Amino acid sequence: MKKFKEKLSGLAFLVLALSSISVLLLITVFIVVQGASSIGREGLLNFVFGMKWAPSQDIYGIFPMIVGTLSVTLGAAIVGVPIGLCTSIFLAEFAPPFLRNIFRPAIQLLAAIPSVVYGFVGILFVVPFIRNFLGGPGLSILAASIVLGVMILPTVISICEVSLLSLPRQYKEGALALGLTRWQSILHVQLPAAKSGIVAAIILGIGRAVGETMAVIMVVGNATAMPESILDSVRTLTTNIGIEMGYAFGEHQEALFATGIILFVMIMIINGLAQSVVRRKSK
Amino acid sequence: MLKYSVALRRQGVGENKRVEAPGQKAKLKTESVDLFYGSYHALRDITMDIPACAITAIIGPSGCGKSSLLRLFNRANDLIPGARVEGQIYLDGEPIYGNATDVVLLRRRVGMVFQKPNLFPMSIYDNLAMGPRRHGIRRRAQLDEIAERSLRQVALWDELKDQLKKPGQELPVGQQQRLCIARALAIQPEVILMDESCSALDPASTMKVEELMEELAQQYTIMIVTHNMEQAVRVSDMAAFMMIDEDKVGRLVEYAPTVEMFSRPADKRTEDYITGRFG
Numbered sequence: 000m001k002k003f004k005e006k007l008s009g010l011a012f013l014v015l016a017l018s019s020i021s022v023l024l025l026i027t028v029f030i031v032v033q034g035a036s037s038i039g040r041e042g043l044l045n046f047v048f049g050m051k052w053a054p055s056q057d058i059y060g061i062f063p064m065i066v067g068t069l070s071v072t073l074g075a076a077i078v079g080v081p082i083g084l085c086t087s088i089f090l091a092e093f094a095p096p097f098l099r100n101i102f103r104p105a106i107q108l109l110a111a112i113p114s115v116v117y118g119f120v121g122i123l124f125v126v127p128f129i130r131n132f133l134g135g136p137g138l139s140i141l142a143a144s145i146v147l148g149v150m151i152l153p154t155v156i157s158i159c160e161v162s163l164l165s166l167p168r169q170y171k172e173g174a175l176a177l178g179l180t181r182w183q184s185i186l187h188v189q190l191p192a193a194k195s196g197i198v199a200a201i202i203l204g205i206g207r208a209v210g211e212t213m214a215v216i217m218v219v220g221n222a223t224a225m226p227e228s229i230l231d232s233v234r235t236l237t238t239n240i241g242i243e244m245g246y247a248f249g250e251h252q253e254a255l256f257a258t259g260i261i262l263f264v265m266i267m268i269i270n271g272l273a274q275s276v277v278r279r280k281s282k
Numbered sequence: 000m001l002k003y004s005v006a007l008r009r010q011g012v013g014e015n016k017r018v019e020a021p022g023q024k025a026k027l028k029t030e031s032v033d034l035f036y037g038s039y040h041a042l043r044d045i046t047m048d049i050p051a052c053a054i055t056a057i058i059g060p061s062g063c064g065k066s067s068l069l070r071l072f073n074r075a076n077d078l079i080p081g082a083r084v085e086g087q088i089y090l091d092g093e094p095i096y097g098n099a100t101d102v103v104l105l106r107r108r109v110g111m112v113f114q115k116p117n118l119f120p121m122s123i124y125d126n127l128a129m130g131p132r133r134h135g136i137r138r139r140a141q142l143d144e145i146a147e148r149s150l151r152q153v154a155l156w157d158e159l160k161d162q163l164k165k166p167g168q169e170l171p172v173g174q175q176q177r178l179c180i181a182r183a184l185a186i187q188p189e190v191i192l193m194d195e196s197c198s199a200l201d202p203a204s205t206m207k208v209e210e211l212m213e214e215l216a217q218q219y220t221i222m223i224v225t226h227n228m229e230q231a232v233r234v235s236d237m238a239a240f241m242m243i244d245e246d247k248v249g250r251l252v253e254y255a256p257t258v259e260m261f262s263r264p265a266d267k268r269t270e271d272y273i274t275g276r277f278g
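Just so you know, the sequences run in chain order P and H.
The opening position of the first sequence corresponds to residue 0 in numbering that gives the first Met the number 0, with each subsequent residue numbered one higher.
The opening position of the second sequence corresponds to residue 0 in numbering that gives the first Met the number 0, with each subsequent residue numbered one higher.
Hint data in this document are derived by calculation from the structure and do not stem from the laboratory.
Computed from a predicted structure; not experimentally measured.
Worth double-checking, as some hints may not be accurate.
[Claimed, not checked] Once the Cα atoms are required to be at most 27 Å apart in a straight line, the calculated DSS-like pairs of lysine-lysine come out as: (1) H/LYS115 - H/LYS160; (2) P/LYS194 - H/LYS115; (3) P/LYS171 - H/LYS115; (4) H/LYS165 - P/LYS171; (5) P/LYS194 - H/LYS28.
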């Protein structure tokens, strides 16, 4: 009887575990099935490198959006990574305990703020600031980079901090015993030793930036043209789907699913990179 | 006492090549030093002169503050929150616990080798060059020279000269520890502190490190902490026996030339400890 119960509970857990995996599988299949015909009709190269997105004329090229996604993501990394890395160094090495106890929950709270609120703050403060001081429409790559840069901070900070804190104490002791200053020890011994964790943090942060939709829709301007400067409006892959899916049907809808496939592939590549970095670390 | 007689004889033989321990110039001097970790009183009233170019061993039962004492000499205890030192320690007559002390400079003069090898996760060469580079040496040729010199000092040059790019942590533990000593030597310290540096090593590697210590003691002032009394007898010129007193505070019970302490201990507690009655 007891054995039967054990088996039953084991089976139950297996089913539950499978259900989460199968959702992933279903999503993949669903997107591919829905979007493949569009890519097939346009041709992969035409779709990916097409410069024009005009659903009313049944022209579907997403290259400006790929550029938009890449530039916004890169911008977010440029804004968020230095701040995040420095914050994590401060928390792991310099902050007195009482400050750390304020900073940690505050940073976790940053992750809990809904993205629409980030977008709202972006529209209210970041966009007018850029419009008034730098020119252009304000709704721009730069605005999205700043907003996203802040949004990836919790990811970057917490993973960097963990990888710094998990270093053996002996590295720092050894470095100081060689007559290195505290800062030299961090720069030349501790950071290189924590390198793979830091790289993983950056990649995961980038993954979050690529996937973010709501806040980006609100500040990026959503123009489908190719951007010429960081003050131009662009559209990203996610915002393309987010904006148009509500009313699209037929070929237009399939093209949006095809956009999803490209996005999916990008995220998979990023996650694969992060995994391989983390795995190399544990080896 | 009998079991030390062989070792003592060896000690007697090796003695001639070195200066007599007592009466010579003191490299380090502690003056009624007390150490506290927060409210915990770890060491009380330690006063001792450590002779230059000799090996001084600190022995005693576990938890008596041997490592804490050793770590006072390069201010490694500074890293521990709440650590406080009273009294003074002098290096070549200069106080090292003062407002004017440059701790970074002090640590360049007083190197340290730890219990377990603590190579950085980088190549053998980069480990050796870490100290010199940070102290401003940039020229490749000069760094190469330093790497070779320090590896020769620990007799690893022939074994490692063709694999300097290899990660240091892939070496066997015994070689890693000798490499740690080489890394400490690369910045040309005056004093080397060794905190149970053989305890993680097998007997063969231990012997190599001990031979190394004796050789280094001709140029450097060496202090070691050891649990292994045979080791203290084999390598050291001076021995400091520590124990906790009735208040659980670490104290220096007896400090004398090693030969003297192990043949005629002045204190009953020292005698009990070295004859193996406790500890």
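Right, here's what the structure says about each hint:
A C-alpha spacing of about 23 Å is found between H/LYS115 and H/LYS160, which places the hinted pair at or below 27 Å, so the restraint holds. Restraint check for P/LYS194 and H/LYS115: the C-alpha separation of about 23 Å stays at or below 27 Å, so the hint holds. Distance restraint check for P/LYS171 and H/LYS115: the Cα-Cα separation of roughly 14 Å lies within the 27 Å cut-off, and the hinted pair is therefore satisfied. Proximity of H/LYS165 to P/LYS171 is assessed by CA-CA distance (about 21 Å); at most 27 Å being required, the pair is judged to hold.
Using a Cα cut-off of 27 Å, the hinted pair P/LYS194 and H/LYS28 is violated, with the two alpha carbons roughly 42 Å apart.
Checked against the numbered hints given earlier, this structure breaks only hint 5.
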